[in-house]
Structure formats: structure tokens, C-alpha cells
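Enquirer: Residue strings, one per chain:
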Amino acid sequence: MNWILHYNYWVVIFLMMTGLYLVFARANLIRKVIGLNIFQTSVFILFISAGAVRQASAPILSESITSYANPLPHALILTAIVVGVATMALALALIVRIHEAYGAIDDDLIHRQNGES
Amino acid sequence: MILEHLPILQVAIPLVLAPLCLLLRNSRLAWVIALVGSLWAFACAVLLLTRVLNNGPLEYALGGWEAPWGIALRIDLTGCFILLLTGLIASLVIFWAKQSVENEIRRDQINLFYCMYLLCLTGILGIIATGDAFNVFVFLEISSLSSYTMIAMGRDRRALTSSFHYLVMGTIGATFILIAIGMLYMMTGTLNMADLAERLPPLRDTTTVRAAFAFLTVGLSLKVALLPLHQWLPDAYTFAPSAVSAFLAGTSTKVALYVLLRFFFTVFGVDFVFTDLRLDVILLPLSILAIFVASIIAVFQEDVKRMLAYSSLAQIGYMTLGIALVNTSGLTATLVHMFNHALIKGGLFMAIGGLCLRIGSTRFAVLKGVGRAMPWTMGAIVVGGCGLIGVPLTAGFVSKWYLVIAAIENGAWVVVVAIVLASLIAVVYVWRTVETLYFNDAEQDTSLKEAPLAMLIPTWLMVILVVWAGIDTGMTVGIAERAALALIGNSP
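Order-wise, the sequence lines are chains L and U.
Using this note's numbering, the letters of the first sequence map in sequence onto residues 2 to 118.
Using this note's numbering, the letters of the second sequence map in sequence onto residues 1494 to 1985.
Bound-form chain U, shown alone (with noise of 0.2 Å):
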């Protein structure tokens, strides 16, 4: 049955797609192509889920090979929940990309990037699927070098820049990922990951398991961006072709951050990340940080591609937050909150897209006052805005309000305060967009059309799905719950 090999072959068909894009040369069809791709992806991801809610985590073992020899594919409900992201937010980014990326993509690599497309889409995936320490390195970098090739498409010379920089960043998290990965194997003769979990808690006072987790956090948490280490973040988004922002931005941290949770919780354990090691001593306070010190930088760009960069990254910290406070309510909120986010971030960066499809320019000071001419754009901006703020009816308030309860729970007052605080910078940036796009009077001959329906639908679907998802939360919270509960529960 073509069923059971479904955790395999939702990874498998983008990656045969992939260079049909390359081999047939015509753009046209590379969209198609690369549009089944990420449906196939959804659709996969969606019966994967109905699976996983009835019959629990799926176990696969690749190539009929058993787990210790071969490699094992594991999909439990928090991969699912990811997955499900993953695929809505690749379908309804290529599905809007078509215009954007003609216009800002020369005409002759148009088919290649969407062969990079799902290239990514399938490392992504796999990432997520994956139960072996070893295979996460490696789809890790093929999504990390597919999206490196993305960002080097942009039409500024700064994206070949950006793109090198975060190719170095990228490259040494990675190997610092390789690198623990390595010791643990020294240690424990295994790179499945149950195994792994079985095998380290006698182990864990080893100063080699120890530099393991130490090597492993860091270099996941280049990849997340997390503060001190999220220089790359801000540049590759910025001179990133729209579609390739609005895609990166709602998959690859939030796939990052994925696999930490699933080391931190499935294979170190409680006990040892946040018992004996306290990682949450140093977790929360960078968390709180990146929330300030990203929002407040935020509020300071001149283009507002940059400026929706740093807010990612203060909306990581938030992510980064509710795993600090160690308890299901604080992984409830990160798991919303990377689902709400890659909603908010998608909807904004494909509005933004539109705006730069009409303009040709993300800057503010060429931006003023185009909004009144571009109603439904700047309808979306605005949704997507209060979204980022947390404002309620909207997915961004669920979230902060798992977040405060989380907080409420270990009596941590400060970081209630915080939060609260930290979404008034962002209504100051939000606002600050809103005034520039709408308020402020045009500068140019108003001859500026709405962006096409081909993208304001999807931006709307994008948009929809946020203040869906901020008042019907069954399914969201619903999922995120259980998946904390698991994670929580599972912990050796």
C-alpha cells in the first residue's frame, strides 16, 4: 500500500521533482512542477496528521532495513504539526510566487530556482521526519545550500553577499552540529535517536556528552538565529527575492528550532538539559534580548523587508521563551507560535512582495503613500501587523497568551511584563508602516495598479489563516497541547 510508505515518499517526490525543473528549461511548467511538489507535500502532511491523531507516532525503516543497521524514520505528532506548516506555507507561497518571481528572478534561472524550491522543501521535510542524528546533518544541508543558491538570486548585489556570509554562518553551524553528533556516536556506538535516548542517561555526567550538547545547542541555534549568533539573519532576508523571504521565513528557523526541541526533549531529556545543565539560565535571558533588542532595531530600518527581519527575530525569541520556562503551557506557546508566526511572517513578506512587484523597491521613503492605491495590500499588512502585535481575533494573541499563562505558572512576573511590553514596540513599528504606506501623502505619479489576484489571493488565504487561527484555536492549540504533552511526557 502506497500508504505505509508515505513518511519516505513525501520526501522522496519533491526530491525527484526537483530536477525535472532543471532538465525540462521552460518556466512555466518549472511552476507547476514545483506547485505539485508543495501540494503533494500538504496533502501528505495532512493525512500524515489524521494518522498520527488516531494510531500515534509512525514508525518507518528505510529500505526495510531495521533501526540499529538501517535507517529509521520517525514522525510523532510535533513532526506532524511542522510538516503541516511546512506544507501550507510552500503551497501557498508558490502558488503566489508565479508573478514575483518573473519579475524579480532573470529569465533564465527562473526554472532553477524552483528546482531549488523543492530541493529545500524536501530537506526541510526530511529534517522533520528523520530519526537519525547523522540524516538531520545531511538534510540540513540540503535545504541550508538550496537556500544559500535563493538568496543569491536577489536582484541586489547585497544578496550575493548575504548569501556568502550566511553560506559561512550556515556552514560553521552545521559542522558544529556534525561535530556533537560525532561524540555522541563515540559514546554510544549509535546514531538512531530512541537509541541515542536510551543509551545516554548512564552517560550523561561525561564531559564528552556534555561538549555534545554544548556543540549541538550552539549550532542549532545559528541556524534558528537566536541573538547573539543571528548576524546572517537580518541581510538574507532583506536582499532575498520576496518569494524566497516569505518562504525562509515561515520554514527554515522554524525547522531549525524543530530539531532542537526534538533533542532537548526526546534525546537529552528534561533531566539533563534543564535539570543538570539549567540551559534555561541562559535560555531565557537571551530569549528576552532578542525580544527587545530585535523590536527596538526593528522600529529604527529604512526598508521594510529589514524591518519585518529583526521582528522575526524577536518573534524566535518569544519562541525560544516558552522553551526556557520548561512547562507544557511554555511549549504549547512555542509550538503556536511557530505555526501563527510562519502565517503572520508568510502574509506579510507576500504583501510585501506585491508592494515590490508594483514598486520595484521595499524602501520606505519610495513606499509613502502607495498603500491608498493598493487597498488590498495594505488591508493585509494591516491584519498581519496586528498579528505581530497580538492583538486579539488574531493568531499572534493566542500565542503571547499561552505565553503569559506559561509565564503566570513558574510565577515569572518579569517576563509577563516583558511580553507586554515588548508588543508595544511592535505596535510602534507597525504603526510606523501603516503611517509610511498609507498616511503619509504619495511622492510619485499615482498610475499604481493593485497588485495582481494571482497574489492577492493567496496573501489573503495567508491573512485568513491568521485571524482563523486567532479565534478558532481547536486545531492549533489543540495539536500544539498534545504535542507538549508528549514532548514533556516522553523525556527519558
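Here chain L stands alone, though its shape is the one from the complex (with noise of 0.2 Å):
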């Protein structure tokens, strides 16, 4: 049942493919910035999950702990975050731009604008 235990890349795996999905399969453009939100959740929660140690606590200094967690992939993550954040602000502020210039934010009624300018 060794799968079963690594539960945690069962998830990553899961919320990678939906969020790739989304990005691919859908025309609306929020939804594909939602998908490219879950895609990049997911490679958070590989980061921090490789991170964790069975029956660890927090990295916390202190004489009581002596088996702590990783805290490096946090750190790491916290800074994939900020950029994540950065990424999704900037796609929605494109997004909104993009309905002032098309009036619309679906990518085929936006490709059929394009093809007749």
C-alpha cells in the first residue's frame, strides 16, 4: 500500500493536469487564469509537502524539538508565491484591457475580431 502513503503526489499530480487542462480547454480567459492558478498551487504543494517530515514539528527554535521540518522549500515557496501573485495580477489587469478593446474575453469571439481587422 506504499501508494497510498504518498497520497501528497497522487494530489499534485491531480491538480496539475486539471489546471492544465483548464488552461487548454477553455476559450473564457478568467478561466484559463484559474487554471493557471491551480497549476502553479499544485507545484507549491509538491514543494512543501517534500518539505514536511513524518511526526516533525514546525522549525521552531527551541530545546523541546529536536526533529523539525525542512524549512527551506517554504521559503522557496513563499517567494513562488509572490510571483504567482504577480503573474495573476498582471494576466487580469491584460484581461481587462483586453474587454475594453474587444468587449469580450472569450478567445474564439476574440480570434474572429482579429481575423476581420
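Careful, some of the hints might be misleading.
Here are the computed distance ranges between Cβ atoms for each label pair [as the list claims (entries may be wrong)]:
hint, chain 1, residue 1, chain 2, residue 2, range
1, L, L93, U, F1932, 47 to 57 Å
2, U, V1913, L, H75, 46 to 56 Å
3, L, A59, U, A1707, 29 to 39 Å
4, L, Y69, U, L1782, 21 to 31 Å
Derived coverage of chain L by chain U (criterion: at least 3 residues anywhere in the stretch with Cβ under 8 Å from a Cβ of chain U; other residues may be distant) [as the list claims (entries may be wrong)]:
hint, region
5, 25–38
6, 43–54
7, 80–94
Derived from the structure by calculation, the hints contain no laboratory data.
We put the CB at the ideal spot given by N, CA and C, even for glycine.
From these two lone chains plus the hints, build me the complex, please.
Expert: Right, dumping it as C-alpha cells:
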């Protein structure tokens, strides 16, 4: 039953595929961005769960704590989350501008307008 | 001494200057600041290059924290070479860009544009200088996010959608790179590239390391725009402001390629990449496909910027072809072509930017016969075009020459034939441009003036460099050869 113990990786793979599917299968730009967000989040979980140690506490300096989780992945993922937020903000800002310019946020409708111009 | 801190100062100064552009809200001042930042990057690159040429690779511990705990910067000869390229292109483009930017970007956004330009430069310089795998991801995102913003500033509303699509593809690529870095960290417990190179060989048969390699290669290929992953590039280059096209064509894909080289040769090692996994078996056909498909598509474009974008894809194919041949001449050709192509494409996009300033469009239908009224711009396009084809005495010839030598060394005659045939396709699309611009009769009234001198001088500097790099190969090929030897020799 080894694979059940690695359930965190199955969650990661499931989220990753869900996110990628949304990005490619949906024409609505907002849904694409949501998919992208889910995809990025799956990687955050991958990092953080890799840093976890069973029966260990949070990495706080104290005499009673001898085994603790690896803090580095958390630090890395904090950075990655900031990058993710910036990407999301830029994507949403672009969608606002696209909506102003095209009056639509659907890829197919935008393509049709681009084809005409 | 300030010189000791040069590896980080060259990244930090543009980073500090960028918010100044934002705060001062003055477009003229912002241009000066951006020019200072770019020239600083160029000066640092020259200083670093002389030091690395004399004393070997530079190591720098950020904040005084030594490597396993802190972030290390490491600049070797390959890095210096790309730094020099970036500094050169950034300075010439910004020197050229003032009028083009005033013409193409909304007045209230000009200072924001220069802010983004400096941030993008920061990201690129950081990617080159760092010796830490996670840091590569962070700097990559800094440069990518600012490029998305700059592309979206284009006048055409399609700039917005092309920027959005680039953002989606670019983020997927960057996240793939992040997954790869995570997997490497899980296996080795380090993010430092030198430590990774030490600890990876015993683990090379594990699925995790192989999966990491696959994620990394695909993620970076997206950023490089290698053929099946290229869809974002033509739109982005076509609708971006001219200055952005010139800057990105010269730097962004080259830097992604540099990261690829660095991971292939100094982290994973030649043995792992090309003996165990036989990446060359995939990379070689893809490169040749890229060269042919992109060149043929370029012939049929209606817009000169779009044509140049597709031609860029073909040139990227030449660069990856050099990697796929896995010998010193091939790598030399890759490095030299990165440099030469940046000059050629930068020069061409700058010349086209001059046309765009005077005429307001880059569509072939509108550009008929305009070359006669703008002889200097036309001349730059012709020389740049010769460089693209690879005519002797231009930079393009040198890189193709080394590529042919590399192919002959491997006995790959098919590749030699492919290179020559693809150059003939380049003749077709370059000639089509020259014919439309010069030999077709002008439709509109000729009140057309030559591009302003402030734009012609940097364009021609770039074009002169193209010719110079084609005649005196000591600088480019000399450094590239040493860098290629170091890359292949350093492999664990």
C-alpha cells in the first residue's frame, strides 16, 4: 500500500493536470487564468510536502524540538507565491484591457474580431 | 573595493534605477536613466570579461553567506559573453528607442515603459550571473513579467492578446522549470549549481532526476521558442512596440538558451544528456524542422515584423542545431550565432522601427517603394538581410561556417545540405523584402523623409558590428571557442 502513503503526490498530479486542462480547454480567458493558478498551486504543494517530515514539528528553535520539517522549501515557495500573485495580477489587468478593446473575454470571439481587422 | 562587488552591482544598479523611472514621471528623464542603466550593464560586462579572461571564472557569495547556505553568483566565460551581448544590445536599443517610443507608446506610459525595460534587463543580467537554480527561476520571472508588460504596450489591440498568450505559455514554461528545480532539490538537497553537478552523477539513473531533466528541457524550450513550442513568439514580436521587438529578439530567447546550455553542460553533464538520454536524437530533427518550417512560413508573411519573427525561429533552430551536434565546433557555432544573430536581428528590427516611425505600419502592402525615400534605412536592411542569409563578410556567414564545420566533423552530411538549402530560403524572404521596399513603385505621395539621425546612428552602429563580426572574428569566435571548450571540458 505504498502508493497511498504518497497521496500528497497524487494530489499534486491531479491538480496539475486539472490546471493544465483548464488552460488549454477553456476559451474564456478568466477560466484560463484560474487553470493557471491551480497549476501553479499544485507545484507549491509539491515543494511543501517534500519538505515535510513525519512526526516532526515546525522549524522553530527550541530545546524541546529535535526533529523538524525542512524550512527551505517554505521559503522558496513564499517567493514562488509572490511571483504567482504578480503573474495573476498582470493577467487580470491584461484581461481588463482586452475587454475594453474587444468587448469580449472569450478567445473565439477575440479571434473572430482579429480575423476581420 | 567596488570591483569585487561587480557581479552583483551589475544586476543591482538597473534594479534600483527602475523604480526611479516610475517615481520621476518624466519621460525624458526616464530615458536618460534607462540609458545610464544599460550603459552601466555594458561597462560591467566589459570589465567582467577582461577579469574572467585573465583570472578564470568569478565566484561571489551574496551578502557574504558562503555557497551551501547563501546564494552564490558565478560568472564564467560563457556568462560574460552573453552579458556583453545583453549590455551591447540593451545600450544600442535604448539609445535608438527615444523617438520610436514617443511615437508608439502612449505619452503617460513612457516612463513606465523605461521602468519595465530596466526591470527586464535586471532579470536577464540576474539569470546570467546567478549560480543558484532557484534564483534562475526568480530572475526569469522578473524578466518575463516585464516583457509581457512591454509587449502589451503596442499600439495595435492585438498586442494585448498576444501578450496574454505569451503570459500563459511563459508561466507554464516557468512553472515547469520550478517543478524541475523542486525535483532536483528533493534528490540532492541543494540548489547551488556547482553542488548539484557534484551530487547528480550517482543519482542519474533515478526516474526523478530524469523527470526533472524532462521538465527543465521542455520548460526552457518554451522560453527559447524551439519549434513545436514557439506559438507565442511571432505574435509577440509583431505587435510589440518596435523597441521591444529589437530588444527581446536580441536578448530574451538567447538568455533562455544560455540557461539551457548551462544546465546541459555544467549541471547535468554531457554524459547524462547526450550519452544516457540521447537528447541529440530529438534535438537534431527538431532544429532542422525549425529551420525549414519557420523559414518557409517567413516567406509568406504579409508583415515585415512577422517575417522577421519567423526568421528568428529559424535562427533559433541553427543555435539548437549547434548544441545537438555535441562537439566543440558546434557549441562554438551556437555561441557565436547567439551573438551574431542578436546583432543582425537587433539591427533589422531597429531599421524596421525607423520605417514604422515614418510610415506607421510594417505591412508589406503599405511599404511598397518606401526604401527609395529612406536610403540609409534601406541600406541597413540590406546589410542585415545579407547577415541573415549568411553572405560572406557578414556575421551570419561566420556562424554558419562553424556550424557546417561541426556537421562535417560528425559526418552529418544531411545537416550540411540542410544548412545550405535553408540559407537559400532565407535569400527568398530577404529578397522579397528588398524588392517590395525598393523595386516596387511607391503608391503614396513622396513627402517621405529619412529616419531621424538619432535612430540611424545606432542602427548603423549595429549594422557595422554585423560586418565587423563577419570580418574580424577574433573577438567573437575567440571567446566563444574558449567558452565552448570550457563547457564541454567542465562537464562532470
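Enquirer: All the hints need checking, so say for each whether the structure fits it.
Expert: Results for each hint:
At roughly 48 Å, the beta-carbon separation of L93/L and F1932/U lies within the given 47 to 57 Å, and the hint holds. Checking the proposed 46 to 56 Å range against V1913/U and H75/L shows it holds: the Cβ atoms sit about 55 Å from each other. Checked against the hint of 29 to 39 Å, the C-beta distance between A59/L and A1707/U comes to roughly 33 Å, which is consistent with it. Between Y69/L and L1782/U the beta carbon distance is about 51 Å. The supplied range of 21 to 31 Å is therefore violated.
With 3 residues having a Cβ less than 8 Å from any Cβ of chain U, the region 25–38 of chain L passes the three-residue criterion, so the hint holds. With 4 residues having a beta carbon nearer than 8 Å to a beta carbon of chain U, the region 43–54 of chain L meets the requirement of three or more and the stated coverage holds. Only when three residues or more bring their CB closer than 8 Å to a CB of chain U does the claim for the region 80–94 of chain L stand; here the count is 7, and the claim holds.
This entry does not satisfy hint 4, going by the numbered hints stated previously; all others are met.
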